[in-house]
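K.L.:
Chains as they are written, first to last, in my numbering: chain A, 1 to 342; chain B, 1 to 374; chain C, 1 to 276.
Calculated directly from the structure, the hints in this document are not laboratory data.
Each pair of labels, with its calculated beta carbon distance range:
| id | chain 1 | residue 1 | chain 2 | residue 2 | range |
| --- | --- | --- | --- | --- | --- |
| 1 | A | PRO245 | B | PRO175 | 36 to 46 Å |
| 2 | B | THR226 | C | ARG119 | 32 to 42 Å |
| 3 | A | ASP312 | B | LEU331 | 27 to 37 Å |
| 4 | B | THR302 | C | ASN35 | 28 to 38 Å |
| 5 | B | GLU14 | A | VAL282 | 23 to 33 Å |
Yeah, the Cβ is synthetic: ideal placement off N, Cα and C, and Gly gets one too.
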Amino acid sequence: MTELPTSSDDTGSVATDSVDAALQSLDDEGMVGYNYAYLDEHTKREVRRSMLKAVAIPGHQVPYASRPMPLARGWGTGGIQASLSMLGPTDTFKVIDQGADESVNATNIRRLAETTADVATTTDTTEADLIQSRHRIPEEVLTGEQRLVLQVPIPDALRTVDASDAANRRRHGHRNYGKMWVHLYENVVEYGEIQIASRYPTMVADRYLMDPSPIPRWDVPKLDDADHLTILAAGREARIYAVPPHTAVEPLAFEDRAFTVERFPEKSCHACGSTDTYLVEVSEELGTDDAASFETRYACNDSSFCEKRREDPDLQKDHHLERDEVQWGPMTADADAGGESS
Amino acid sequence: MGYVAVTAGAEIIERAEELFEKQRVAGEDADLTVEQIDGQLGRLTDQAMSEGGLYAPRLAALAVKQAQGDTVEAAFLLRAYRSTLERFDETAPIDPSDMVASRRVSPAFKDVPGGQILGATKDYTQRLLDFGLIDGDPTDPTEAWDLPEEGDPEELTNVTEVLRSEGLLHEPDAPDVDQPADTTRESVTHPADRDEILQELARGETGAVTALGYSALRGYGQVHPTLAEVRVGDLPVRIEHPYTGEEVTVTRTRVTESEAVVPVYEKRENPQFAFGYGLTFGRNERKAIGMTILDASTQLETAAEPAENPEFVLDIVDGLDSFGFIEHLKLPHYVTFQSILDRIRAIRSRANSNDGHSERQPAESATDPTGDND
Amino acid sequence: MTLLEATDLEVVYGSRCHECLSSTGSRAGTNQCVNCGSVVACARADLSLEPGDVLGIVGESGSGKSSLAELLALEQASEATVRGDLQYAGYDGNLLEIDYQTRHDLRTSEISLVHQHIRDGLNLEFTGGGNVAEKLLSAGHRSYADVRERVSDLFEETEIPVDRIDDRTNTYSGGMQRRVQIARALVTNPDLIVLDEPTTGLDVSVQARVLDMFRRVQREENVATIVVSHDLSVVRLLADRTLVMRHGRIVESGLTDRVMEDPHHEYTQTLINSVI
Numbered sequence: 001m002t003e004l005p006t007s008s009d010d011t012g013s014v015a016t017d018s019v020d021a022a023l024q025s026l027d028d029e030g031m032v033g034y035n036y037a038y039l040d041e042h043t044k045r046e047v048r049r050s051m052l053k054a055v056a057i058p059g060h061q062v063p064y065a066s067r068p069m070p071l072a073r074g075w076g077t078g079g080i081q082a083s084l085s086m087l088g089p090t091d092t093f094k095v096i097d098q099g100a101d102e103s104v105n106a107t108n109i110r111r112l113a114e115t116t117a118d119v120a121t122t123t124d125t126t127e128a129d130l131i132q133s134r135h136r137i138p139e140e141v142l143t144g145e146q147r148l149v150l151q152v153p154i155p156d157a158l159r160t161v162d163a164s165d166a167a168n169r170r171r172h173g174h175r176n177y178g179k180m181w182v183h184l185y186e187n188v189v190e191y192g193e194i195q196i197a198s199r200y201p202t203m204v205a206d207r208y209l210m211d212p213s214p215i216p217r218w219d220v221p222k223l224d225d226a227d228h229l230t231i232l233a234a235g236r237e238a239r240i241y242a243v244p245p246h247t248a249v250e251p252l253a254f255e256d257r258a259f260t261v262e263r264f265p266e267k268s269c270h271a272c273g274s275t276d277t278y279l280v281e282v283s284e285e286l287g288t289d290d291a292a293s294f295e296t297r298y299a300c301n302d303s304s305f306c307e308k309r310r311e312d313p314d315l316q317k318d319h320h321l322e323r324d325e326v327q328w329g330p331m332t333a334d335a336d337a338g339g340e341s342s
Numbered sequence: 001m002g003y004v005a006v007t008a009g010a011e012i013i014e015r016a017e018e019l020f021e022k023q024r025v026a027g028e029d030a031d032l033t034v035e036q037i038d039g040q041l042g043r044l045t046d047q048a049m050s051e052g053g054l055y056a057p058r059l060a061a062l063a064v065k066q067a068q069g070d071t072v073e074a075a076f077l078l079r080a081y082r083s084t085l086e087r088f089d090e091t092a093p094i095d096p097s098d099m100v101a102s103r104r105v106s107p108a109f110k111d112v113p114g115g116q117i118l119g120a121t122k123d124y125t126q127r128l129l130d131f132g133l134i135d136g137d138p139t140d141p142t143e144a145w146d147l148p149e150e151g152d153p154e155e156l157t158n159v160t161e162v163l164r165s166e167g168l169l170h171e172p173d174a175p176d177v178d179q180p181a182d183t184t185r186e187s188v189t190h191p192a193d194r195d196e197i198l199q200e201l202a203r204g205e206t207g208a209v210t211a212l213g214y215s216a217l218r219g220y221g222q223v224h225p226t227l228a229e230v231r232v233g234d235l236p237v238r239i240e241h242p243y244t245g246e247e248v249t250v251t252r253t254r255v256t257e258s259e260a261v262v263p264v265y266e267k268r269e270n271p272q273f274a275f276g277y278g279l280t281f282g283r284n285e286r287k288a289i290g291m292t293i294l295d296a297s298t299q300l301e302t303a304a305e306p307a308e309n310p311e312f313v314l315d316i317v318d319g320l321d322s323f324g325f326i327e328h329l330k331l332p333h334y335v336t337f338q339s340i341l342d343r344i345r346a347i348r349s350r351a352n353s354n355d356g357h358s359e360r361q362p363a364e365s366a367t368d369p370t371g372d373n374d
Numbered sequence: 001m002t003l004l005e006a007t008d009l010e011v012v013y014g015s016r017c018h019e020c021l022s023s024t025g026s027r028a029g030t031n032q033c034v035n036c037g038s039v040v041a042c043a044r045a046d047l048s049l050e051p052g053d054v055l056g057i058v059g060e061s062g063s064g065k066s067s068l069a070e071l072l073a074l075e076q077a078s079e080a081t082v083r084g085d086l087q088y089a090g091y092d093g094n095l096l097e098i099d100y101q102t103r104h105d106l107r108t109s110e111i112s113l114v115h116q117h118i119r120d121g122l123n124l125e126f127t128g129g130g131n132v133a134e135k136l137l138s139a140g141h142r143s144y145a146d147v148r149e150r151v152s153d154l155f156e157e158t159e160i161p162v163d164r165i166d167d168r169t170n171t172y173s174g175g176m177q178r179r180v181q182i183a184r185a186l187v188t189n190p191d192l193i194v195l196d197e198p199t200t201g202l203d204v205s206v207q208a209r210v211l212d213m214f215r216r217v218q219r220e221e222n223v224a225t226i227v228v229s230h231d232l233s234v235v236r237l238l239a240d241r242t243l244v245m246r247h248g249r250i251v252e253s254g255l256t257d258r259v260m261e262d263p264h265h266e267y268t269q270t271l272i273n274s275v276i
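Modelling step: build the complete structure from the supplied sequences, incorporating the hints.
P.N.:
Next comes the structure, spelled out in structure tokens:
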């Protein structure tokens, strides 16, 4: 076992000559007592080393010592550690949760980064150097200059068929995914089609089975042969894995029971009119005296793109790029294999 | 045209924090001091230290105050703080017999060298609400005791040493590394070694450790231990002096320690007891004993019951992991929910269009109307 | 072209000292080494198999027949030391020393084992069809319709009611579970099937039907088979040739008819005469 050097070698730590002094310094100086980007340099280095290993072995889960963070386990601590280990003062940072910049969780994470890493933040996907996201990949195409960090609750796709981590690690090591295939077969037997909603199991570089995190199936094709790097980080489970740029990512399916994305037949966003984005339902009470009458409307989930579309309904998902034939998820104009007929 | 979205700027989060703080504000009553909490609610601070993995009674009292008594929240504050601290050194290994025990009972024997010392405990008294405490009672009932002169604390022979000297305790295999693992620095992978298991149990949530230990006794397990010893006392913290290189005691920590023997014979030709160990910061006897049971259970070769399965035990025993993941369910999940709605609607419409035909037709041909993939 | 050729196979549990082989065996009357306490499950075993052959291995408990059968099926006996040479048609080198991946591929498509205990061979939570499909899916078949069709075919072949195909395997009777094991063993058209005590846990009438079914299928598919049993009638029904084992050694071998009618070794004679 390697001997780890003792913690930080920086000078920004909290006063520790006495408890009173520690409490005092924390009270007075707030975040000033912490290192740049909150984590000490040793931790950041370790996280980056794990990320490099993950990039070298696409889809393979790399264990790392996930540090306690000021946010609870389950609220994105893995993603935050990944982001804070990569952010530098010249970066622009975007954080979304469920596709929205303004959601509570995203706001809180953005606050932490702003205060400790002194980075600029943005809601514009095309302006961001680093995007941390919980459960969505933005609608606008990401480039090779951008990095995406996805928050992961459960890092192992095989957890559905076996709770034991030890057994699953052996399966991954031997590329033995028979049990997952039987699970899919029995899905089709039971329901006529594959019933998996999100966390759809995918093969990465034809070698490792990966859980893409709870992004909707709509977003899974965006990982295949992407220009950008995707890092997937789980804090509570203490695992990091990655999809490097231009890596094959293939959702598991039968030849005659193809992988399908979510369908929104004859629906469009009530705010901007889009028919080619991932929509979510919103139920509103009709402001009448009718008891319990609701109206269900659909809205773009990617709120910052929706805002742009409201200005310009013809805006393409690759509007910020100069090239054509961008492959990026369902219904991106010029994407190969087209999209759904709506 | 209204744009419906859930927005919560920083201002709203601040408001929520202020509302939470309001619940704690004393108003016209006197504000609880950190000393009061540490002094009069010692069990709370002990539990926070034990689950936070940080021995710092006053900081723990502060954390308890800030968390309004929620021990897991307090442990969270301590762990988050701990992770910002620089690690100066590691202690020298401590022999538990160096403990100055204020309490030591040994259920295995009627009498033991050093005696059965009840110490401070309510184990044998009746649980009757004491209404006299409403108005407070600051008198110290031990003031009237007639105590002999102070002397050095007696050496208490460790009961399990007595069994060891007779060769009755199975010695575990020597570990094949020089240093114990540090699970705050390296994440656990399974199968886990005993040092990793013990660390995670020592920081485990009291309720989880107790419940799992109970399950083993209750019948979901083979381990019915006899406690060799339960001690509460102060354990010295020793480091190598940076100049002289000698071992010096720098402080003491209060701990609860528990050791058990299990009549599960390891080898038939030379029967010996299996052995379980538990240790926690502060006074927390049920957690130390629960830990002992789980240590013994997870060492068994079979993992027939949950308490005997090291992977199961380690996965669920950490209070911060369980608290975080359970409470994260309150976060918005509407994106994945939309995905789930899509699935169930598709399946229902397929079932309806099949019109009563069984879906389970072998070799049914697949027609997928939307066929979208790469 | 010989399908399988085994020389000097040996399975030992324990430290294996220099006296292990000499102090165990049929003459010694034990399979446990006096010197070091190791159990010599089988030793000095030679045998060969042609395509389509059926070889029976008989013996009582502790004879080593199951250890030998598992070795030939490339099962990994984790605590045992394994020695010897095993040659298989189409593969270079000693099959006992191959890497994990080749072993896995062979066991998926070419060599199947029907375990004695159902729980070792099937996943009782899966459907019956799922258990059989697993082999095909592991071998890389990706058409649901084709997999489904092949699984149904196998159900018919092994005389399991096709309408039970989607029921959980733990709802099947013992006989049906045994048939699912056999269906699973056959689904990838293997060259060799090893049956380990195929009648364990089955009622007598069910035994007969299962064995008749297997005999028919074996002849139709011409798949080489090794059938291990303590029950002579099972071997007599299925096997062309038979080996008799005792205390880890092969004591007699020959055509089944000859071994049964005219046993040479005195142990075989005892065995035959003991049949009620």
